[in-house]
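Asks: Start from the sequences, fold in the hints, and give me the full structure.
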Amino acid sequence: MDSFSGGDLASASSGRDEEAVRIEDLHKSFGELEVLKGVNLTARKGDVVAIIGGSGSGKSTMLRCINFLETPTSGRIYVGGEHIAMREDGTPANRRQLERIRTRLGMVFQSFNLWTHRTLLENVIEVPVHVLKQSRAEAIEKAQSLLKRVGLGDKADVYPAYLSGGQQQRAAIARALAVDPDVMLFDEPTSALDPELVGEVLTVIRDLAAEGRTMLLVTHEMKFAREVADHVVYLYQGRIEEQGAPDQVFDAPKSERLQQFLMSIN
Amino acid sequence: MIGLRDLLKPHRILLILLFLAFVVWCALSLRWDWLPQYAPLALEGLWRTIWLLVVTTILGFLLAIPLGLAQAVGPWYLSTPARVFCTVIRGTPLLLQIWLLYYGLGSLFPQFPAIRQSELWPYLRQAWPYAVLALTLSYAGYEGEVMRGAFSGVGKGQLEAAKAYGMRPFAVFRRIWLPQAIRNVLPTLGGETILQLKATPLVATITVIDIYAVSSRVRADTLIVYEPLLLLALVYLVIAGIIAFIFRRIEKQVPSAIQRR
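Protein chains in written order, with the working numbering: chain A, 531 to 796; chain B, 125 to 385.
Treat the hints loosely; a few may be bogus.
Claimed, not checked - Within a straight-line C-alpha distance of at most 30 Å, the following computed DSS-like cross-link-like pairs (lysine-lysine) qualify:
hint, chain 1, residue 1, chain 2, residue 2
1, A, Lys685, B, Lys133
2, B, Lys133, A, Lys678
3, A, Lys678, B, Lys280
4, A, Lys663, B, Lys280
5, B, Lys280, A, Lys672
6, A, Lys567, B, Lys280
7, B, Lys280, A, Lys685
Simulated from the structure, these hints should not be mistaken for lab results.
Keep in mind it's a predicted model, so treat the numbers as computed, not measured.
Replies: Below, the structure is given as structure tokens:
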């Protein structure tokens, strides 16, 4: 097994060994092309796992398999210890179960994907009100405090198109937080941003890491990964080539490919 | 929109004066003595025109949603018939469709005793159900094509985000996909509805007495040609103006910045 245990993490503290996400022997092919060739990974509660790798290494696909935005070709996905039922062909066997689990995974996309016909506030309360059936007043109150938290308290009634990419992504993070997710999935959250806007988004993510949120983070920001992650996973051609604590992965990489990868981006 | 100030430019003032002079001339030197006699019939016809327009655009649009959806994302056994339907409707004259339905279907029905004896027969032997059907199908055919583009035009990422947060497929459609698609087509829809208005006189050919049919009746009865036609043009112009106004109001209430960055 390629997975790691929470016990050896520097940041591990008591109450953290409960498993949040487990991926077992995950395979994914797009037609002939095998993108994931057997990935095993476990994230425990409170872990911040950074997933790095070159383009085409399968890191985004892996993340998207966790909530079945991509259907795995084979393998098993567990969220909070619960196995997501899957048919032979990888499609979810139980729609209701998948929909329930999806509401516990807050996903943040590379291209924000805010709903453009709704204001920021409406974006943030959409899922709490219409999926989780929370009361509207309560959801609004919570959404306002979340928007304030990501620095958009004065933009609640603005439509996404009027905002910068950095603001949109921070709003998207507020939307993810609104469901009070057990795990947050970040799919290259800063890759679509102008360089000067990256910092404001990273600041928000850093805060979330500091408060002990469980996060899986696909990123190209190596400095940031090193700073916030408890664990770094390097994917190469659909396999986990190397993983470990950030210091170890970035300062003393064992794999030649990881060495080359780190050289190439510095 | 042109503001009041812009109207006070010399060339515009001249045009307005010319138009007023034309109206005054029309009122004074043309024959309007037939008006009182035909006014009740004209009102009835006007009502029928508006009623036809409203009912067929609403029904047609409701039909256009599944037609557009089927073409945008449906499996082949739904998308192909939808595409064929839209192509046939858009590729043949509306007059032909109306006649095919009225003289074709309308003369077929009485041959079936079951239909003749059904409770629908009192309606089916009249002309207006065929007019409603033909205009509805026509609007659906054109809007189905427009809705196909509108559905495809909604960002895939937004639908994915809805899915990723556990929304059920129907909720994704109702809360995210459909509202955005409708917003995408609003500017087109106003124009299409005006086109639909201008298609309604064709129902006069199957004995539905709309406002156009009334003007023909006046001409036939009194041999007065231009006056009823001028008035008719004015009536259509006013209705078209009202439609444009309504759609502009709706568009204004909708966030203008739908475009993706």
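Asks: With reference to the structure, classify each hint as holding or not holding.
Replies: Here is how each hint holds up against the structure:
no.: 1; hint: A:Lys685 <-> B:Lys133; in the structure: violated (42 Å)
no.: 2; hint: B:Lys133 <-> A:Lys678; in the structure: violated (51 Å)
no.: 3; hint: A:Lys678 <-> B:Lys280; in the structure: holds (28 Å)
no.: 4; hint: A:Lys663 <-> B:Lys280; in the structure: holds (25 Å)
no.: 5; hint: B:Lys280 <-> A:Lys672; in the structure: holds (28 Å)
no.: 6; hint: A:Lys567 <-> B:Lys280; in the structure: holds (27 Å)
no.: 7; hint: B:Lys280 <-> A:Lys685; in the structure: holds (25 Å)
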